[in-house]
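> These are the residues of each chain, in order.
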Amino acid sequence: MENEKANAVKTRQLKVALVGKPNCGKSTLFNVLTGLHQRTGNFPGVTVDKKTGTAHLRGMNGSTTDVTYIDLPGTYSLYPKSPDEKVAFDILTNPDNPDHPDAVILVADATNLKRCLFITTQVIDLGIPCVLALNMMDELEKSGQRIDTLTLALRLGIPVAEISAREKTGIGKLENFIAGGLAAPSVHVLQPATLLGENAALLRAHFPEKKEYALLLAGHDVVSKNNPPELAAALAAKNFNTQRLQSEESLLRHAWIGQLLLECSGAKAAASRTTQRIDRVLTHPVFGYLIFVSLLLVMFQAVFTLAQYPMDWIEQGFVMLGEWLRTVLPQSGWSDLLVDGVLAGVSGVAVFIPQIAFLFAFIALLEDTGYMARVSFIMDKLMRRFGLNGRSVIPLIGGMACAVPAIMSARTIPNWKERLITIMITPLMSCSARLPVYTLLISLVVPDTPVLGFITWQGIAFMGLYLLGFVMALLVAIILKYFVKVRERSFFIMELPIYRLPQWRTVLITISDKIKVFLFDAGKIIIGISIVLWILAAHAPGNAFEVIEKKYATELAAGNPEAEARVASEKLEASYAGRLGKFIEPAIAPLGYDWKIGISLITSFAAREVFVGTMATIYGAGNESEIQPIRERMRNETDAVTGKKVYTRATGFSLLIFYAFALQCMSTIAVVKRETRGWKWPIIQFVYMSGIAYFASLLVYQLMK
Amino acid sequence: MKPEYTTLDKLLPGESAIIDSLTDDLTSLRLLDMGCIPGEPVFFEKRAPLGDPIAIMVSGSLLSLRLAEAATIRVKQTAA
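First to last, the sequence lines map onto chains A and S. 1315 is the number of the first residue of the first sequence in the working numbering; add one for each residue after it. 665 is the number of the first residue of the second sequence in the working numbering; add one for each residue after it.
It is possible that some hints are incorrect.
As the list claims (entries may be wrong) - Distance condition first, Cα-Cα at most 27 Å in a straight line; then the derived DSSO-like pairs of lysine-lysine:
#: 1; chain 1: A; residue 1: LYS1524; chain 2: A; residue 2: LYS1539
#: 2; chain 1: A; residue 1: LYS1364; chain 2: S; residue 2: LYS710
#: 3; chain 1: A; residue 1: LYS1329; chain 2: A; residue 2: LYS1365
#: 4; chain 1: A; residue 1: LYS1799; chain 2: A; residue 2: LYS1896
#: 5; chain 1: S; residue 1: LYS710; chain 2: A; residue 2: LYS1695
#: 6; chain 1: A; residue 1: LYS1395; chain 2: A; residue 2: LYS1896
If you are wondering where the hints come from, they were derived from the structure by calculation, not from laboratory data.
Using the sequences plus the hints, can you model the full thing?
Quick look at the structure:
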């Protein structure tokens, strides 16, 4: 007991939450405070990204503090309107929540203090120890404005640290406040008793331990959840009207904030001239749309061409590694499994890291600079025709990277119908997992000849597939618009943040995060399936393999290479994997696929990027003698019966179309189930996407063959 | 001089006014959250290329909202 106490004095454990409105630099500050010691998880029960990080602080008196920082979702107020805001609300107001913080850093944008102080005064009234981090002080000084931080601290009753998260100034002072121990605020901004009237006594009887403002919030919670029903009914009888009370509270707080700002800052915030000038171009009736489309075109071409160099290095590296392993390892089934199963699977994954990094970098840049909000602004009216919202653009573009986070980002759409339609069509946007499949197939069937300057036919085919996904998404949206019947108001009230230069650090952290997820999450599935597949391809029921070997015994003994190839391919056909492919061949033959492609289709339903790894494993199992890049193996693949090339233009395009439309991703199905709270919508989504994929590929193959 | 009352959607780009009141309960909570507070000056920045939504400057930030939402904001224009 004594020991524990002594330790507690030496190193304190502290949970500190970062709270603030969107675009106030909260995430930048979080990155500065935690560096690379951070991890992304989920808040229990919901799919809101939970970012936590740790830091070790040394106080001025020699004491040390281990701080766990939690980056809460950005929120304008403590009236939760979206699932993200609800997470922040629950954590801050419920002391029993495992993430309930010991202290809060309130992050405010000094150049727009008025908007940031609302949530600040609410948290102060909750009585949680806190400190105000006045961010972007450098920008404030540049614009020639001033804030009297002493008055601000006195009136708010909490310490104030002037910082710039981007310039990393004032961070030490902020950490000193935290390490020194924060006290509960000494001020109450709002007197809830006057708002609550007679209801105060009712609530007090039910929540004896809650402080005044928490009591008012508890009242809202009781009424909105109708739990406990008898208290909700009693409150309703005494005219407890959530909307009216929230309006009144807002007005009182804003009046208080207005007075405070008069005291501590003279000048009024002016619009950023730079932002106005940039907006004149980017939201221009003609140039606005032109720039948007050109940006996308440049993005795709860059992903395709720039990423090619590092991809070639990785591919060659794996080929060399495989050859080297073949020479040093003894000839056995285990080395075959290692080289043809595991290594082929790993290289199939690793080779796409450059493309995924480029794509996520582009999308992070568009978000970080504030451009994405402008795209929503110029697209809202168009999107409304399709039953969507201007904000649907963000999930749809995000869907080009990965449908899973994109579907989660659809939460910013307040209207359920618009949100549901956005969720239903987002997986039609070509995601980065389709990149490997597209890249491989396009390089097989589309010539690499230039069309216009640096743009090639391959680049156009690539862009075409993305456009195709987008057009199909809009068509489906129109149809869904008539089937989804929800009467709910649609809103488009959104802040257009001022333009800022991108934060390279933030972009880099995003990229490394996404690559880690891709390598470990998708990689696990891919390698697992590669191994299972290799085993299925290397074994056959009964003595099928021996029968084949006996059949060609004399030719094999003579060392006839043609016979060796025949044996290998007949073995694959007789294997478990081959039987599986043969079983579905009748269904896919009209699309131009043979049973080998059939095996890939089956494995791809776990995750579409498995296609390439599967191809590598299948062709590796068939051709043990030579190691060459998978693309070459597929190019040389011929039909055993007719002797014709398997990957003709018709088959290639048919496959491309299939992968463009089919929902082959377990994670997407799981996230749609969570976001729509049930199996109904993910099942509908799976069925409609598979249907479109099958019939569109059928059409393409029959027309082109 | 008598102030003229109108709604925000009726203003022209470049005009400014003072927010008088919010007329729709449901929309008002969102608008208050985003800084559209009675008594606050508001500046009509511009329309989106297709005429709707619009961008306004209020409480120090640029806000985008649809015409239907702007119609719930009553403003007073002091005839200069």
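> Which numbered hints are broken by the structure, listed smallest first?
Structure breaks hints 2, 4, 6.
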